[in-house]
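Peer 1: Here is what each chain is made of, one letter per residue.
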Amino acid sequence: MRASSLVRHAVLIVACLIMIYPLLWMVVSSFRPDDLIFRQPGLWLTSLDTVNYREGWSALTRPFSVYLANSAVVALGAIIGNLVSCSMAAYAFARLEFRGRKALFGIMLLTIMLPFHVVVVPQYILFSQFGWVNTFWPLIVPKLLATDSFFVFLMVQFIRGIPRELDEAARIDGAGHPRIFLAIILPLMTPALATTAIFTFIWSWNDFFTALIYLTAPDMFTVPVALRAFVDSTGSTSWGSLFAMSIVTLAPVFLAFLLGQRFLVKGIATTGIK
Amino acid sequence: MARTTTSRVRKRDDRAAYVFLLPWFVGLVVITIGPMAMSLYLSFTDYSMLAPPNWVGLDNVERLLTDERLHNSLRVTFTYVLVGVPLQLAVALAVAVVLNRGMRGLAFYRSVFYLPSLLGGSVAIAVLWKQIFGSTGLVNDVLALVGIAGPGWISDPRTALSSIILLHVWTFGAPMIIFLAGLRQIPEMYYEAATVDGAGPLQRFRRITLPMLSPIIFFNLILQIIGSFQAFTQAFIVSGGSGGPSDSTMFFTLLLYQRGFGELDMGYASAMAWLLLLIITIFTAVNFIASRYWVFHES
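Chains as they are written, first to last, in our numbering: chain S, 1 to 274; chain P, 1 to 299.
Be a bit skeptical, because a hint or two may be false.
[Said to hold, decoys possible] A few chain S residues facing chain P, derived, Cβ under 10 Å:
1. Ile20
2. Thr50
3. Arg101
4. Ile107
5. Leu144
6. Thr147
7. Val223
8. Asp232
9. Leu258
[Stated by the list, open to error] Chain S residues, not near chain P, derived (Cβ > 10 Å throughout):
10. Arg39
11. Val51
12. Glu55
13. Leu60
14. Leu109
15. Thr135
16. Ala169
17. Ala170
18. Gly174
19. Leu242
If you're looking for bench data, these hints aren't it; they were derived computationally from the structure.
Remember, it's a predicted structure, so these values are computed and weren't measured experimentally.
We put the beta carbon where it would ideally sit given N, CA and C, even for glycine.
Could you put the whole structure together from the sequences, leaning on the hints where they help?
Peer 2: Written out as structure tokens, the structure reads:
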């Protein structure tokens, strides 16, 4: 029994190493001069050279800080949008009796499955008529309108787990729905809100397709499109600085993962979102 | 008396519901259903955004039927979905079973395996993949240590798609976590009873774990298939936006992007989008029908 558990740990550790080796190697390589990245599959470093970071930071028309700031603005807008709009919709679906609830709830579930590509062309036409190309609105406004239905579903599931007696008690005390929502449900659903915030942050930070379509002016680039422009401009000649900037863009996601792991695991386990 | 009270409460609920649902409803109409209807209309037009849409009837459907590049992109996408999804789920299930309940270090292993799922969709990881599977990349550096001269994985049409499929398999952590949650639901006593009856580990897996987990496997399958049909970023970055070499990584969504936003052939791109929706719907429906024969429901 003991031997088998040792074997199991050995297998798992090897599997872990294979899984994260590319990441570790990228981090190490970002501190190597370019000519050493090739033919150096190991993880040892002879010197800690930050030249790749300095070069990568200013390789495009704007310093990388501009793109990081753009991404942060978009992510913040998306997080606020999702938190407000999805929690409101979820409260209605989970707690209110109204005509057409079943049908609307069904439609909401269906939109989870809807591929973004089916709506992207008309959405682009619409948003470009608003003059929103090269603004952050196309990346934020849909979140303000609860179009990320996964989170509505996640929150509905969560609210259904909150005992109804709490609402009833507040209602007897004369509280209306806005009061019940703000003073009772919202504080109790902070785990669901945290899950939503972290996932929204990561998805918004990584979102490439939407940014590729709407953000074409270098001033407005978020980090994924900036990184893509960097790849295009250097080809495969300066892996060092490409790696360095890749790590800069991955670091916030990694941080979100470390801080919010508990909520992420719970979120996926209950709804199956990525 | 009681009746009027109920109807009053009911009315109040209705009004509150409209307020709470307002943002979602506006989004549904303006961001989802409206554009869906419009893209259906555009499917029957020739439209470049520079002139008003021009009704062309079934011309775009005819193009869909004869467009060789599109057929190729469907082959690439189907290969990606039909190989990548089962492979990823098999790995996810295997690891979840090994990470058995209550084992020491579970949280650590789970985190390490899960991390790639969060990073895998990013441009940064696609950049890394482009290096690793390049002709002078990490994989070939490692192979060189044992004296093998590897091919240029992403520059060879025969292997380019495989390296992107591998990237998909690498992100097995999310379905793994769903499997872990499902495994925890299986009562320990089933295994104990089976062991008493002399069932070995393999038999326990086949007779208990698989049937008990089948609803979760089904759930993962549906989600991953829908998601994989929409894969875009990795192929775009690895191929430099071209879908190359020789269209071997020309995913359906990549072709849609090129037609719609590269060539402003938006009528045709809309027709493509509806074809994608149709394909995903058929896959999902077939999955649901097939599930009657293999998904086990405890009654």
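Peer 1: Kindly indicate which numbered hints from before are broken by the structure, ordering the numbers from low to high.
Peer 2: As far as the earlier hints go, 2, 10 and 19 are violated by this structure, in ascending order.
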